[in-house]
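Visitor: For reference, the chains in residue letters:
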Amino acid sequence: MNAAPFSSTTKVKLTIDGHERSADLEPRDLLVIALREKYGATAPHIGCASGRCGACTVLLDGEPVKACMMLGVQAEGRSITTAAGLAGTRIGAALQAAFKACHGLQCGYCTPGMLAAAHGLLERNPAPSEDEVRQALRGNLCRCTGYQHILDAVLLAAESLREAQAA
Amino acid sequence: MKPENPYAGELAEPEGWVGRAVERLEDERLLTGAGRYVDDITLPGQLYAAFVRSPHPHAVFSQVDTMAASDAPGVHLCLTASDFDDLPHVKPNWILPRSTPRGRPILAKGRVRYVGEPIAVVIAESAAAARDAAELVEVDYDPRPFVLHQDEALGDSAPRVHEDMDNNVAATFTPGNGGFDEAASAAPFRTRFSLRNQRLVPFSIECRAVNADHDPASERMTLHIAHQLPHMARRMVAETIGFPENRLRVISPDVGGGFGPKMHIYQEEAVCALASMRLGRPVKWTERRSENVCNTTHGRDHAMSIDVAADEDGTLRALRIESRANIGAYMSSMGSGIPTINVGLFVMGVYEIPAVEVDIKCLYTHTPPVDAYRGAGRPEASYVIERTIDRVAHELGLDPAEVRRRNFLTEDQIPRRQPTGAMIDSGRYHHTLDEALERAGYERFRREQAEARERGELLGIGIAHYTESCGVGPGQVQKLVGFDRGGYESARVRMTSDGRAIVFSGSHSHGQGHVTTFAQIAADELGISPDRIEVIQGDTESVPQGVGTFNSRSVPVGGSAVKVAAGRVAERIHKLAAHLLQIKPEALIREGEVFGSDASNDTLTFAEVCHAAWTGHNVPADLGVGLEETEFYHPTAMSAPYGAHVAQVRIDGETGELELLRYIAVDDCGKVINPLLARGQVHGGLAQGIGQALWEDGMPEDDGSTILDTPVPRFDMLPRFETAHTVTESWTNPLGAKGLGEAGAIGAPPAIVNAAIDALWHRGVRELDMPLTPARILAALDAAKGHGA
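Top to bottom, those sequences are chains H and U.
This note's numbering numbers the first residue of the first sequence as 1330 and each following residue consecutively.
This note's numbering numbers the first residue of the second sequence as -3 and each following residue consecutively.
Hints are supplied without guarantee of correctness; some may be wrong.
Said to hold, decoys possible - Computed spacing ranges between beta-carbons, pair by pair:
(1) H/1407 to U/762: 30 to 38 Å
(2) U/653 to H/1398: 25 to 33 Å
(3) H/1353 to U/523: 55 to 63 Å
Derived from the structure by calculation, the hints contain no laboratory data.
Idealized CB from N, CA, C, for every residue including glycine.
Taking the hints into account, I'd like the entire structure generated from these sequences.
Guide: So this is what it looks like as structure tokens:
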């Protein structure tokens, strides 16, 4: 066996769900691989590693990104919110409650990405129409729910956030 | 907005927990990113596997050069077929009698038979290092002629998939009562047509994964596998690699979708286990999507010919169906049973047909193995009979709904065993169809359709009135058809000293929500709320021997086991409480958490009784210590859920685009345990069924390579579904449940294709094959020009 290390690594500092973390990344490490394997943040999942399924979607400085579509080193110094940190945001907590109320998840594998993408939508648009929800989340595949309960959940979360705002 | 009323349909307001739309108890961790899937588990000393796979659908080779790979950084081990004196094969466990099984070698030896077949494995310090090294493995392929389609595999000159066989026929199955020719020649109407039920890629969002951990000191092995049937996985791995089953533990943690393919054992599970044994360290393999589409089993893939005879009023007289099923290069675990038993028995649907003949051939081809995918044979059966009914109706100028009514089995004919062998336990077909047509506004739509035609617009409405079969066993029947698997399910219900309960179940959820539904079932028996009940699944060392989740059997079989076991525990609680209060059991009164009687003021709480059971200090011998019961529930028959689905479509005659306007599903799965979760099951099945009807096609490219981007439905591609239930309880199990997980995938393809043909019939279109792409619809319109009615 040859135990020589792999290609050269770079120390990359990130803030993940509010905690500052650093790890040695290979230049080729996708952000999602880095998060899962180098930082131990397993909330974002891998379904395709090619930008197609959205299971790895996280918030990068508040904006949803597919974490398989950028390199870990590109995220240096930035702040990442995964499903594990979403409960700390107003929108995230509302979404989580609504997904439970509406049965917006079955196997749960796509859910962390779905929540992050929905978070991005409600941040931009507090009163989305059904069609706007469908368009905003079309990059996230779910093979269990047929999407309707997720749609219900996002609309319910939006409504509860608007009500809380008005109160 | 709030979800629509989950009690739509005829669900009565429930008395207990069963029937209530309880929110799921398992959601919290999944919503906070704390789900624990196999790839999330990394063990001390973890190593990683990467496989070298065939780029050819058929090739021979003599050398696999792993020298460079072995020398690559971080590599611990390379294995090829030549590293095994007696190369293990993954054997099927459903072998239809008189079939010719050929299981998958765990690594190809001298010949590859489909693109993606594994040839070598590299085990290294990281997944990236293993993949890098796998790139260095050299194989001296000599490509050979190959066959991809079943109809091409039939001919004498077809390349043979297995050189030791005389042809490519893996199995044949010919159910029915015969008499077709006589009955058909006596009937005034007869027509023939053919159709395809195309190959599909199941595409769970979590790919397969295994982490094999052999401990040399104890000679025990733990396998973490993303699996639907943990106990079967243990048996199948043990059988494949010759490992003592009693020293093998399978843990299936959270599983990210199953849909059928995660109930088998493949090459990778066996190879990782053997590699871990050689290295004494855990070996993890997480399938990539590019591997998932070519080595994980596909579904469907039937080419069918139909010959049907009827009276002028549409009454069916005779039906003959020939099907050629493509089962891929090897016989997968259920690969000979799904396309035969699961299709042939059910091709009569919900109808009375006097003479039926079915002839199904299963063919080996140079494609990935085909096995169960959501519905597993029943979608193919429903598709062929429901297309046939519409064909008869249209040719005779009759209303397809009316033709169904004229042929339905009636309530006085049920229970019934159909001449093909299908058991129908319950059915009120007129009732369910009427409910669906009412919701769909069938008559109104027919008027709108006629008006639209005047304007040159193409509207269509399609009905599918499917039936299927859920809740496999009983075991005696499985034995008859060569299905070497249990037909029971286990449940162990244990009270804890604090008045809470644990339910251990041999079923395994990969999204269905057993943690909630099984808790609801146990709650009604025990008289406590579901949040005091913990449901444990997916670990062969804590759960009694079970069978697992497939064939929509979890509620009817697994749920019945829970009900029976919990019922026995409740009986013992009652007896013990009476004993502790020194009264007769008949005199015991329970009010909420408190046991007492009219005879005295003495009371005990529910928790105190549980506590007393486990101290055993004052327990009579005939009651025994503790409160725990195990049930291996073995059904006496399978149930036949059914439903009426209606699709409304608009087709653009210029572009060929099909718009699904409305989809109405009225399903009858008997007793509904949780309407919210039931609706989720219907929705998910519909999405997959609509995906098959409109977009998905898993047939390999002409060069044998797998389609990498099968168009799985996205958020903006599906309409809002309109769902409801009729409730006709089954007598086949104590819950009265029939199974629902596959309903949507069964009903949607025929409903939608029937709607499309309904829209185009007057323009001369007689046949359309799935998926209904714009190109196909335009081609059908083009070909039909001048043939319009």
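Visitor: It remains to establish, for every hint, whether it holds in the given structure.
Guide: Structure-based check of each hint:
1. H/1407 to U/762: 30 to 38 Å: Cβ of residue 1407 of chain H to Cβ of residue 762 of chain U: about 59 Å, so the range 30 to 38 Å is violated.
2. U/653 to H/1398: 25 to 33 Å: holds, 30 Å
3. H/1353 to U/523: 55 to 63 Å: holds, 57 Å
Violated hint for the displayed structure: number 1, the only one.
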